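Trainee: Protein sequences appear in the order of chains L, P, Z, A, S and C. Numbers 1 to 318, taken from this note's numbering, label the letters of the first sequence in order. Numbers 1 to 318, taken from this note's numbering, label the letters of the second sequence in order. Numbers 1 to 318, taken from this note's numbering, label the letters of the third sequence in order. Numbers 1 to 318, taken from this note's numbering, label the letters of the fourth sequence in order. Numbers 1 to 318, taken from this note's numbering, label the letters of the fifth sequence in order. Numbers 1 to 318, taken from this note's numbering, label the letters of the sixth sequence in order.
Errors might be hidden in some of the hints.
Note: identical chains are not told apart, hence a pair may lie in one copy or across any two.
Listed next, the in silico DSSO-like pairs over lysine-lysine satisfying Cα-Cα at most 27 Å (straight line) [to be verified]:
(1) LYS197 to LYS273
(2) LYS273 to LYS211
(3) LYS318 to LYS197
(4) LYS315 to LYS197
(5) LYS223 to LYS11
(6) LYS11 to LYS211
Hints are computed from structural coordinates only; laboratory data are not their basis. Keep in mind it's a predicted model, so treat the numbers as computed, not measured.
Each chain is listed here by its residues.
There are 6 protein chains.
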Amino acid sequence: MGKYGPKDCTKSPRYCNIRTFMLLPYLKTLDDVDFVVAGVPYDTACTTRAGARFGPAAIRDASMLLRPHNPDMDISIFDYLSGVDYGDIDIVPDDIETSYTNIYDEAFKIYQSGVKPIFLGGDHSISLPLIRAAKDVFGPVALVHFDSHSDTDDNLWGRKYMHATPFRRAAEEDCLSMDHSIQIGIRGPIYGSEGLKDAEDLGFEVLTRRKMRKMGLEASIEKIRNRVQGATAIYVTFDIDFLDPAYAPGTGTMEVGGFTTWEAIEIIRDGLKGLNIVGFDLVEVLPAYDSPGQITSCAASNIVYEFITLLALNKKSK
Amino acid sequence: MGKYGPKDCTKSPRYCNIRTFMLLPYLKTLDDVDFVVAGVPYDTACTTRAGARFGPAAIRDASMLLRPHNPDMDISIFDYLSGVDYGDIDIVPDDIETSYTNIYDEAFKIYQSGVKPIFLGGDHSISLPLIRAAKDVFGPVALVHFDSHSDTDDNLWGRKYMHATPFRRAAEEDCLSMDHSIQIGIRGPIYGSEGLKDAEDLGFEVLTRRKMRKMGLEASIEKIRNRVQGATAIYVTFDIDFLDPAYAPGTGTMEVGGFTTWEAIEIIRDGLKGLNIVGFDLVEVLPAYDSPGQITSCAASNIVYEFITLLALNKKSK
Amino acid sequence: MGKYGPKDCTKSPRYCNIRTFMLLPYLKTLDDVDFVVAGVPYDTACTTRAGARFGPAAIRDASMLLRPHNPDMDISIFDYLSGVDYGDIDIVPDDIETSYTNIYDEAFKIYQSGVKPIFLGGDHSISLPLIRAAKDVFGPVALVHFDSHSDTDDNLWGRKYMHATPFRRAAEEDCLSMDHSIQIGIRGPIYGSEGLKDAEDLGFEVLTRRKMRKMGLEASIEKIRNRVQGATAIYVTFDIDFLDPAYAPGTGTMEVGGFTTWEAIEIIRDGLKGLNIVGFDLVEVLPAYDSPGQITSCAASNIVYEFITLLALNKKSK
Amino acid sequence: MGKYGPKDCTKSPRYCNIRTFMLLPYLKTLDDVDFVVAGVPYDTACTTRAGARFGPAAIRDASMLLRPHNPDMDISIFDYLSGVDYGDIDIVPDDIETSYTNIYDEAFKIYQSGVKPIFLGGDHSISLPLIRAAKDVFGPVALVHFDSHSDTDDNLWGRKYMHATPFRRAAEEDCLSMDHSIQIGIRGPIYGSEGLKDAEDLGFEVLTRRKMRKMGLEASIEKIRNRVQGATAIYVTFDIDFLDPAYAPGTGTMEVGGFTTWEAIEIIRDGLKGLNIVGFDLVEVLPAYDSPGQITSCAASNIVYEFITLLALNKKSK
Amino acid sequence: MGKYGPKDCTKSPRYCNIRTFMLLPYLKTLDDVDFVVAGVPYDTACTTRAGARFGPAAIRDASMLLRPHNPDMDISIFDYLSGVDYGDIDIVPDDIETSYTNIYDEAFKIYQSGVKPIFLGGDHSISLPLIRAAKDVFGPVALVHFDSHSDTDDNLWGRKYMHATPFRRAAEEDCLSMDHSIQIGIRGPIYGSEGLKDAEDLGFEVLTRRKMRKMGLEASIEKIRNRVQGATAIYVTFDIDFLDPAYAPGTGTMEVGGFTTWEAIEIIRDGLKGLNIVGFDLVEVLPAYDSPGQITSCAASNIVYEFITLLALNKKSK
Amino acid sequence: MGKYGPKDCTKSPRYCNIRTFMLLPYLKTLDDVDFVVAGVPYDTACTTRAGARFGPAAIRDASMLLRPHNPDMDISIFDYLSGVDYGDIDIVPDDIETSYTNIYDEAFKIYQSGVKPIFLGGDHSISLPLIRAAKDVFGPVALVHFDSHSDTDDNLWGRKYMHATPFRRAAEEDCLSMDHSIQIGIRGPIYGSEGLKDAEDLGFEVLTRRKMRKMGLEASIEKIRNRVQGATAIYVTFDIDFLDPAYAPGTGTMEVGGFTTWEAIEIIRDGLKGLNIVGFDLVEVLPAYDSPGQITSCAASNIVYEFITLLALNKKSK
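Put together the whole structure using the sequences plus the hints.
Mentor: This is the structure we're talking about:
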């Protein structure tokens, strides 16, 4: 049994508590901990709808519903893991340099400690410092990137660090093991044909929505596993707009014709099991646009839950 | 043609009316009636989000859109059936004993009269007195239970009658014909591995979401039909969270990766046709969390419509 | 490269602009133009929820997110087309005669000029004058009709021109080439069995949701292509309630068990490619009932985008 | 004690019931009745936001909270009055002639019976047939008109019967006792200076918001009482946009700088007490634009409650 | 300077943090602390809308905006006080006995330690155990009760402990110093004339909304000060529905014609300054009914802020 | 009669149109124009809630309801003025330098032309370049600043250009005629006592909410007039959070206890009439947090309307 786990809810309901992720202890520690959940509420690099800064708070709120046993995978997470809510990393809105430094520093410290982090965005620009730190600890990482956008623009209006550019930057900076990196679920109108070609030119395998729909879910999962095979360190980034707007309305650049939560969960379970994943992030949840029932935050919290389950399964299988 | 049917809408639109279910007469009668729709707005046994007490009003409001002919099943319901809106059963919030007594008494009276009831919850705790009364009239009933949760906890915080416990209670009280009882769509994080095992230990067949996704819809339907075959009296309970949050955001304990309304309707039609169903309930609609377009209440009203269609088809085939 | 295309967004983001469709120029011109997008905010012929009059404004607002290259179809739209936002056609609420006259006149002028129009409703009653004008320019048109309702009632409360009657009127007035006309996605409770039979008696092929689900998407698409084969002029009308309420909650007469946006897009792409379509409309978006994330307007803008893509592909293939 | 009063709520809460106004019996009767509440869900004469057709249902829903004793006025309403929910008058959307006929006929019947009606709109166009019928029973009536708009336009786009014209029509048709008629709360941008002058030219006293703010509430009330003094029959019409949008956001043509609910209640109580009011209406509640807490419908139901209190006080004082 | 104060926001914005009240440390301690804020999410004693269990979480979320210096009162709170977020008291939904025991125990412990508590409800039933504990520590307390309802019913449906009964119970149990107890803002329809008389018969001074409006704010404040003068220990309970629904839409039993936030703040500041207040609660915030901008939770957090300011001013003046 | 005015709405309703401000022509021209309305959707300098970038679009949408005659001031605006919607100024999110340059350039051009601009934000950081340009054309300007915050912080997290700092910057850069500058409505918790003192030390007169409530509205207006008397050029900036959250919920840093729309309008009319105002801005409208009825955008559009009225009255009086 891990040292830190969710609040015991045998005395009162799950809603009786400060809203940490999954009701884990709120502790900025890396001792006796297998994983941490940390908020990164930076969102001033977004290009359309704003508000992902409130993503961490909303995902934590929705995570109240999560319970420790994952029945599909038949595992009680905290039999194998100890985890805490690490709080938020200090960021400065509209100051990507300072924010990147803070994010990098915290992430570096976590990676080095051997603890597995799950970062809650924030917009997608936060992935760059998270990946930079991973590279500085583990060497270039294989990227498994769930998204409807490649986010490999060179710049927007001359700005090099926007939420549409992190993976070009990461590739340029040799942070990624390109041969093992893959983008999943890409779709939707783009500015020009170079949009997709760019990502491929950088070395990504791009598994578009259309390809996935044509080949089916199982073949898509096979593609992912083949791609990451042999990677020594993997980083997983999940933009909530991978999901269809019906499943995740609370986001900034919705693209219709997306995936269901079940499809997402299946890809995570079968596509990512047993891999050496060194870090995760989940980004672009905008609570102000969510439905009154908060289904986007709920979906996000369940995606994170599957990430944690992967960690527990890995620990168990050792 | 049944004696009581929906308001004639050839004189003015469907929205010109007091909001009874499907614009049926509001009559607390069991004479000349084949089915009744009755609200049971008890919700103080819920463990997370509250507000299912407003479920009956919201489902009635949305049911305004329903029309009497079901084209898929090619039947004009009120050619075969007479039905009324029975109003709500008197309940007392926070007083489950009095509420259970009132619910039991009304249900017993209805069952005894031979009229088929459809109850609108309220939280899932209401199913227990409804099933108790069914058992006292018909003997132990086979349960067909659509839900994402088994609701077979022993207790929560020492409370034996919460919306997470009714089917353990029903089983313990020998209200159910366990050999013919089945739970459908179960999914989502639970407190421990015993969660699912408990339901099976009680004697339920548990058709989890994962099993259903693996075997497909047709095989799932076959499983259901096999299970209920030979049952003399069947009770159907439908927790709206069987549906995915994208389809039913207005509920209390959403579990992602669920079913579409079309899947639900297919299971009802093909899985439940021709059976001797003595009662139905539909529970856990929380209007305060629904989307502005009220899609949850709309889905719920359509599920009820399919229940009524089953009754009409049975009557027709006699 | 077309003369008129979306605003150049290399200087500032897409949200920095007056909300025309896709940030096209707001010009009431037919010169040097391949297609126009025009609003038709008439909605006083609706029979339940009102508010489609705000559909054009909401779809324009959501269309801000659309970009000029369609990656699935590998085409940069404005390499082949010039298009403008034509503004709204003057209508008078509650005065269908004047409105019909205005709509007819504008549509006639557009069709005659050879420009392809895409009309944004408004309720479905607007399709009648749009089709009348098409017939007067091109002769009877083949109708491809996406909807959950046939809209072939004879009248409602004695009213001949309601949003439930346009396609009976169009058929009666010999505006349609019935042998090539098809209704797609029809579903949901109706008043009586004549509901569907009526449409077939008028000569429509009716591809109900149930049939489509049984035969699958590919076979459904084949059915559509077979039906329209040989038609000289095709008119496409798309009621947003073709989509499931989970995907399009912001509409007036939701019918559950509908289609996903991906299914809609697939049908449009594979079912309608290469055809001589003379006009399109998209109707029944009611922003007041949409989710806070505006997913209905977003879906609608993407459907329109696929229509425009069809035009671009046709131009390219010439 | 009146024959008909609200449901007895000593057995179960107020929310356990079909949503009639104040939980009164739903009976289309004029026997043994002092007042009736009747819905008039016609709204196709509105010129901007649509949806007042759902006003009656929403006001009924909110009226669940009303209880029979008005403490400020120290009266138990149903000690003096018997009342029922009369249901809705049949209207046909987009068909003002038929609708006006139906409304007139029902209203005439009610007035003739001596029963006091309170009509729930619907848009403001419904007041015309309601006033016509009043005039045919009682002779020209004094109008007390709460609103932010005079609604005395001659026509809109040539249409004579829109929600901006009823009081010009009523004046032209000699339905009103102009010397005793007054408009209260008028404010907001208009098309031209004739806007206000028109109303005065027709004979109305126009108590604009600005005048009221300058003279204060007491003097305003005095103005009203002076105006209606000597009138034999008074008709009260209350457009919910009399209230400020902060108090009544769910309406169609909001005008800022309006009145609080307390001010409205004070004017009703002190301005209208003891008068021979033959009918009331409350119009322009649009639930689709209301806040999630439904404060507009709540305000509306309380205004109606004050109307009923006036009737009870009159009865008591006899 | 107090030991515990809000997070230092000079390194990153206020939204970068776990949502404790005012970003205070989350510590279940009474050492080195002047005040604690504690959640009491019990709401199963409510009689209409449910959901106050989420009040504490929502108020904490909104309190993010509060800053430590109150300019009107010219005081930097944490120069004088040390405070923490104590978390939530364990309650069991639908089990008022266990909940009351837990609430009593925690409250007793806090009062005894000399720390000043501010409790966040929950429904109004939580005030009873909070007052019982206060009485057991301090003797009968003077009650200053802001509300639109007296909450002095004897029972509802036979239930003695509902959110409409706590102050009758408290009076009966001799927990209150009746000569110094006062109810402020009472208004709205009630079941019968005994409603108000009851409260007076129990010994409360009842300052109804109507009286307050007639005498004005200053005289009302004078009334309050006169009433509490000489009281040795005062308990303040604030039902958010004291405010008008325009200012606090997110509550369960709205009563129109209420007070503005400014009026509430003025009464608190001038009416309660310098008094020996031993405890506060703020109840009946229902986030599911709040406006999208969360103005109710924002108002609630500011009321609590004024309570804390009172404590700081008292400390300063010593 | 001015050359450019709102669309003629005698042919169809106001909602039939592309959403420019007040349905004015969308023209980027300064010829034959008295005033322009221009959007400045920059919001990456905000420190809490994001989303003011969508303010201009939402205010334009709501402005649809405005009509050309202001009855309180008895003036038909376009008898005296010609105005256009100038569109949005190109800004780059997260790049305040480029944005400031663009904003400055456009503003300078407009001021120089003698046209009066009304700028729609955006967050409050946009006022700095707008004021800089004004100073470069007219010399130091007197600032009339409606807000609940002084926005005179030195920096936030080291950032000098945030929405909390513009007026310190403007003062430091000698853009303001301090002797004639005044802040109105300031209220709410601040970080320390220096908060208010800072503004006064910079030379602003600070009319706090508390002072205003104590002295009353008329005296407050007198204060404003006295302050600006003798100023040669005045710039008016209006942060929507000057209004109470009940009146303007859709903003980022709500402060309770604020002003009503009527109070705002009165201050504008009586406080600012006849002055030489060279520019206006209205900032901090966040549509994602507005109520469903969009009352904040509606209020904002009416404030702008009063600004335009001031210009018309000045022109008329010449």
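Trainee: If a hint holds in the structure, say so; if it doesn't, say that too.
Mentor: Going down the list of hints, with the structure as the test:
1. For the identical chains of this complex, LYS197 and LYS273 are inter-copy neighbours only, at 25 Å across copies versus 29 Å inside a copy, given an alpha-carbon limit of 27 Å.
2. In this assembly of identical chains, LYS273 and LYS211 lie within 27 Å of each other by CA distance both inside one copy and across copies; the values are 22 Å within and 19 Å between.
3. For the homomeric pair LYS318 and LYS197, the shortest alpha-carbon distance between copies (26 Å) is at most 27 Å, but the shortest distance inside one copy (40 Å) is not.
4. With identical chains, the CA atoms of LYS315 and LYS197 are at most 27 Å apart between copies only, with a shortest distance of 24 Å across copies and 38 Å within one.
5. For the homomeric pair LYS223 and LYS11, neither the shortest alpha-carbon distance inside one copy (46 Å) nor that between copies (38 Å) is at most 27 Å.
6. Taking the shortest Cα distances, LYS11 and LYS211 never come within 27 Å of each other, neither inside one copy (50 Å) nor across copies (33 Å).
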